[in-house]
Amino acid sequence: MDLSTQITYFISAVIPLYFIAFILYFVRILRGPTIPDIVIAIDALGYDLAVFLAVLAILFKSPLLIPCPIVLALWIYALDIYVAKYLEAREIGA
Amino acid sequence: MYVEAILVFLGEALIAIGVFFDIIASIGMLRLPDFYSRIHALTVGTIGGAVVPLIGVALLALGAPFLGVYRLYLAGAAIITAILLLMLAPTGTHVIARAAYRSGAAKPLYISIDELATKSEGRGGEKR
Amino acid sequence: MTGLVALLLCLIMGVISLIATYLAIVERDLLKALLFSAVQSTAYAFIYYSLAAPDIVLVYIPVAVGLYPLLLLIVIKKTERYERP
Chain A
1 MDLSTQITYF ISAVIPLYFI AFILYFVRIL RGPTIPDIVI AIDALGYDLA
51 VFLAVLAILF KSPLLIPCPI VLALWIYALD IYVAKYLEAR EIGA
Chain B
95 MYVEAILVFL GEALIAIGVF FDIIASIGML RLPDFYSRIH ALTVGTIGGA
145 VVPLIGVALL ALGAPFLGVY RLYLAGAAII TAILLLMLAP TGTHVIARAA
195 YRSGAAKPLY ISIDELATKS EGRGGEKR
Chain C
223 MTGLVALLLC LIMGVISLIA TYLAIVERDL LKALLFSAVQ STAYAFIYYS
273 LAAPDIVLVY IPVAVGLYPL LLLIVIKKTE RYERP
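Top line first, the protein sequences correspond to chains A, B and C.
Here the first sequence is numbered in the working numbering, starting from 1 and rising by one per residue.
Here the second sequence is numbered in the working numbering, starting from 95 and rising by one per residue.
Here the third sequence is numbered in the working numbering, starting from 223 and rising by one per residue.
Calculated from the structure, these hints are not laboratory results.
The reader is advised that the hints may include incorrect statements.
[To be verified] Derived lysine-lysine pairs resembling BS3-like cross-links, with alpha carbons at most 25 Å apart:
| id | chain 1 | residue 1 | chain 2 | residue 2 |
| --- | --- | --- | --- | --- |
| 1 | C | Lys254 | C | Lys300 |
| 2 | C | Lys299 | B | Lys201 |
| 3 | C | Lys299 | C | Lys254 |
| 4 | C | Lys254 | A | Lys61 |
| 5 | C | Lys254 | B | Lys201 |
| 6 | A | Lys85 | C | Lys299 |
| 7 | B | Lys201 | A | Lys85 |
| 8 | C | Lys300 | A | Lys61 |
[Claimed, not checked] Listed next, the stretches of chain C that the computed footprint assigns to chain A, with coverage defined by at least 3 CB atoms under 8 Å from CB atoms of chain A:
| id | region |
| --- | --- |
| 9 | 243 to 250 |
| 10 | 288 to 299 |
[As the list claims (entries may be wrong)] To be clear about the criterion: a stretch of chain B counts as covered by chain A if any three or more of its residues have a C-beta under 8 Å from a C-beta of chain A, and this derived list gives those stretches:
| id | region |
| --- | --- |
| 11 | 128 to 134 |
| 12 | 144 to 154 |
| 13 | 176 to 189 |
| 14 | 202 to 208 |
Ideal Cβ placement from N, Cα and C applies to all residues, glycine included.
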């Protein structure tokens, strides 16, 4: 078997498992009783989505798509910091 | 030739380990009872499910010659994302857990002794 | 093959963003509505990515996940958190 087709089959087998994980995280986002539950579920969803974008860049055979996971990981972290600062001190910005 | 096959095999193995940890973390995020237990599931899903497969993506891109010269770019960006996640994710988890404890947004259900409640910075944010 | 896979992923993420948008509209707690809006922005970023537009993703994520919740949090802090029925 060729190396390219082997990698394509492997990633095609991996994609449904990632989507099962995404849907379970989304169910926790829907059911989360408090604000920090929703925030950590969004964290896990965003980080796993960053990995999934990096995997899809190999499947689509276009490596120039790769700067998107760095940006996604950094700004999901920024959302975390905002909500924590609002919950703790109730002062954000000016 | 053999080096490329070994790199591809290692990358696929690391991505498979990452998918396994993702499924475990999502089931744990759904089944665990309260917020301070779900932080365990978040740690599993972040370090085991995001840092490890990103290193796997880098190895897989290094061993795949059909991607062209830009596969080095892909590998480097994946390694940088892995290092950033390794630094950022524990910081974010610590910050949100500290805010949830000190503001009283999430109550700990299964706790037998609470040492921080007797200290000066207790729960409920009463000093503010 | 990969085009079909990309359209299928777009369909699933579109359903997730639709549910998140509906919940953001009907939610009374405005902080929860803001977090649902962030989920919708993440799903839209994935749709842009799988349609092979990484430049739009690079602009859309800092605006819709980073700056827009920051502005809304400042507004919620200035006014009040719960919407009146």
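To see whether the hints hold, each was checked on the structure:
Note on Lys254 (chain C) and Lys300 (chain C): the hinted pairing holds, with a Cα-Cα distance of about 17 Å set against a maximum of 25 Å. Among the hinted pairs, Lys299 (chain C) with Lys201 (chain B) is consistent with the structure: their alpha-carbon atoms are about 23 Å apart, no more than 25 Å. For the suggested pair Lys299 (chain C) and Lys254 (chain C), the alpha carbons sit about 14 Å apart, so the restraint of at most 25 Å is met. A hinted pair counts as satisfied when its Cα atoms are at most 25 Å apart, and Lys254 (chain C) with Lys61 (chain A) does not qualify at roughly 38 Å.
As the CA atoms of Lys254 (chain C) and Lys201 (chain B) are separated by approximately 18 Å, the hinted pair is consistent with the 25 Å bound. Among the hinted pairs, Lys85 (chain A) with Lys299 (chain C) is consistent with the structure: their alpha-carbon atoms are about 11 Å apart, no more than 25 Å. Between Lys201 (chain B) and Lys85 (chain A) the CA atoms are separated by roughly 18 Å; this keeps the pair inside 25 Å, and the hint holds. For the given pair, Lys300 (chain C) sits about 48 Å from Lys61 (chain A) by alpha-carbon distance, which is inconsistent with the 25 Å threshold.
Requiring three or more residues with a Cβ within less than 8 Å of a Cβ of chain A, the coverage given for the region 243 to 250 of chain C is violated, as only 1 such residues are present. Coverage of a stretch by a chain is defined here by at least three residues with a beta carbon nearer than 8 Å to that chain's beta carbons; for the region 288 to 299 of chain C and chain A the count is 7, and the condition holds. With 3 residues carrying a beta carbon less than 8 Å from a beta carbon of chain A, the region 128 to 134 of chain B meets the three-residue requirement, and the given coverage holds. Coverage of the region 144 to 154 of chain B by chain A holds. Counting CB-CB distances below 8 Å, 5 residues qualify, and the rule asks for three or more.
Counting residues of the region 176 to 189 of chain B whose CB falls under 8 Å from any CB of chain A gives 8; the rule of at least 3 is met. Only when three residues or more bring their CB closer than 8 Å to a CB of chain A does the claim for the region 202 to 208 of chain B stand; here the count is 0, and the claim is violated.
Figure legend: structure checked against the earlier numbered hints; hints not met, in rising order: 4, 8, 9, 14.
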